[in-house]
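Colleague: Sequence:
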Amino acid sequence: MMALNQRSLNMQDPAFDPNRPDDTGNARLGLGAKMRLLDFGRRANDRRAAVSAAGAQSEMFAAVRNDLVHEVTRGFYTVLQAQSFVAVQQEQVRSLEESLRVARARMDRGAAVKSDVLSLEVRLAQAQEDLIRARNGVGLAVAALNTAIGRDLVPETGLDAVPPEQVPDLPADAAPDASGWHPAVRARDGVKLDQRQARLQAREARERWTLMAKSVESADEALRMTKARYEQGAADVPELLNAELGLAAVRSRRVAAVYDYLTALSNIGRAAGELAPADGAK
Numbered sequence: 579m580m581a582l583n584q585r586s587l588n589m590q591d592p593a594f595d596p597n598r599p600d601d602t603g604n605a606r607l608g609l610g611a612k613m614r615l616l617d618f619g620r621r622a623n624d625r626r627a628a629v630s631a632a633g634a635q636s637e638m639f640a641a642v643r644n645d646l647v648h649e650v651t652r653g654f655y656t657v658l659q660a661q662s663f664v665a666v667q668q669e670q671v672r673s674l675e676e677s678l679r680v681a682r683a684r685m686d687r688g689a690a691v692k693s694d695v696l697s698l699e700v701r702l703a704q705a706q707e708d709l710i711r712a713r714n715g716v717g718l719a720v721a722a723l724n725t726a727i728g729r730d731l732v733p734e735t736g737l738d739a740v741p742p743e744q745v746p747d748l749p750a751d752a753a754p755d756a757s758g759w760h761p762a763v764r765a766r767d768g769v770k771l772d773q774r775q776a777r778l779q780a781r782e783a784r785e786r787w788t789l790m791a792k793s794v795e796s797a798d799e800a801l802r803m804t805k806a807r808y809e810q811g812a813a814d815v816p817e818l819l820n821a822e823l824g825l826a827a828v829r830s831r832r833v834a835a836v837y838d839y840l841t842a843l844s845n846i847g848r849a850a851g852e853l854a855p856a857d858g859a860k
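What the sequence shown shows, in our numbering, is residues 579 to 860, in sequence order.
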């Protein structure tokens, strides 16, 4: 129901004609009809636009969460990697301390010269310095991880975790299943390239891991044999130091390969949008 314009009635007005009311009484009716015609379909379009905007916002939020999960995962592996580097340096320090003990004993017996002892002392000091840096690296990695999390959940001492001995399987060569990921986004060349690069990085790290695992066994055996020969006077200190450095180097490279590979697996999930899919995705 629509009320017409109300005003005072002046029947004494010469222009007053009760059979022909003026136009002002119908103004709102005409305007109302015009407004209804212009609004035809607008509400439906607005609803569709709202649904579309909500979907886009959900996908954008999922993409942000997806990246965040990967960053936290990468930070987690970086902390474990830093702790493993500390373990490598600690083992090298222990090995050099044992070699130095043997060198001093041989020097006391007149079977070694003082320069052997001095060379080992210098190398031990360098290894101890590397250990200090490695421990500081743990603190830096923990700080970065806590920043990614948004809270200081991880103590400065690091995490209690053991690096895996077996190499996890690399996902199938087929394109990753990105169920729930927007088809238009998946079709973009940039996303496909990102997925391909993530897979190649994972394959490279996996091959390095396998190779370094074998190299560590060889270097460990080489050092053991060199130490035995040095105790018998059949090897000199430079040869012993080379064996020490060789083992520490391949151990460090194996650690890097392990966590590069684990991080690369997370990166494959990030590139496919699988770490934090949009709401409703399976």
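None of these hints come from the bench; they were simulated from the model.
Incorrect hints may have been included.
In silico lysine to any residue, SDA-like type, Cα no more than 20 Å apart, as pairs [claimed, not checked]:
id	residue 1	residue 2
1	K770	S844
2	K805	E707
3	K692	R831
4	K792	L823
5	K805	E699
6	K692	S844
7	K692	E675
8	K792	E669
9	K692	I710
10	K792	E782
11	K805	N714
12	K792	S844
13	K692	R711
14	K770	R786
15	K692	L853
16	K692	D814
17	K805	D730
18	K805	V642
19	K692	E782
20	K770	L853
21	K692	L819
22	K692	V680
23	K792	G824
24	K792	D814
25	K692	R679
26	K805	D645
Pair ranges (Cβ atoms, derived) [as the list claims (entries may be wrong)]:
id	residue 1	residue 2	range
27	L771	M638	30 to 38 Å
28	D738	E782	26 to 34 Å
29	R781	V642	26 to 34 Å
30	T725	V691	48 to 56 Å
Small disclaimer: the values here were computed from a predicted structure and weren't measured.
Heads up, the beta-carbon is just placed ideally off N, CA and C, and yes, glycines get one too.
Colleague: So, for every hint listed, does it hold in this structure?
Modeller: Cross-check of the supplied hints:
no., hint, verdict
1, K770 <-> S844, "16 Å, holds"
2, K805 <-> E707, "23 Å, violated"
3, K692 <-> R831, "33 Å, violated"
4, K792 <-> L823, "17 Å, holds"
5, K805 <-> E699, "16 Å, holds"
6, K692 <-> S844, "52 Å, violated"
7, K692 <-> E675, "16 Å, holds"
8, K792 <-> E669, "18 Å, holds"
9, K692 <-> I710, "27 Å, violated"
10, K792 <-> E782, "16 Å, holds"
11, K805 <-> N714, "31 Å, violated"
12, K792 <-> S844, "25 Å, violated"
13, K692 <-> R711, "29 Å, violated"
14, K770 <-> R786, "25 Å, violated"
15, K692 <-> L853, "59 Å, violated"
16, K692 <-> D814, "12 Å, holds"
17, K805 <-> D730, "45 Å, violated"
18, K805 <-> V642, "54 Å, violated"
19, K692 <-> E782, "46 Å, violated"
20, K770 <-> L853, "17 Å, holds"
21, K692 <-> L819, "15 Å, holds"
22, K692 <-> V680, "12 Å, holds"
23, K792 <-> G824, "13 Å, holds"
24, K792 <-> D814, "26 Å, violated"
25, K692 <-> R679, "13 Å, holds"
26, K805 <-> D645, "49 Å, violated"
27, L771 <-> M638: 30 to 38 Å, "21 Å, violated"
28, D738 <-> E782: 26 to 34 Å, "29 Å, holds"
29, R781 <-> V642: 26 to 34 Å, "28 Å, holds"
30, T725 <-> V691: 48 to 56 Å, "52 Å, holds"
The structure shown violates the earlier hints numbered 2, 3, 6, 9, 11, 12, 13, 14, 15, 17, 18, 19, 24, 26, 27.
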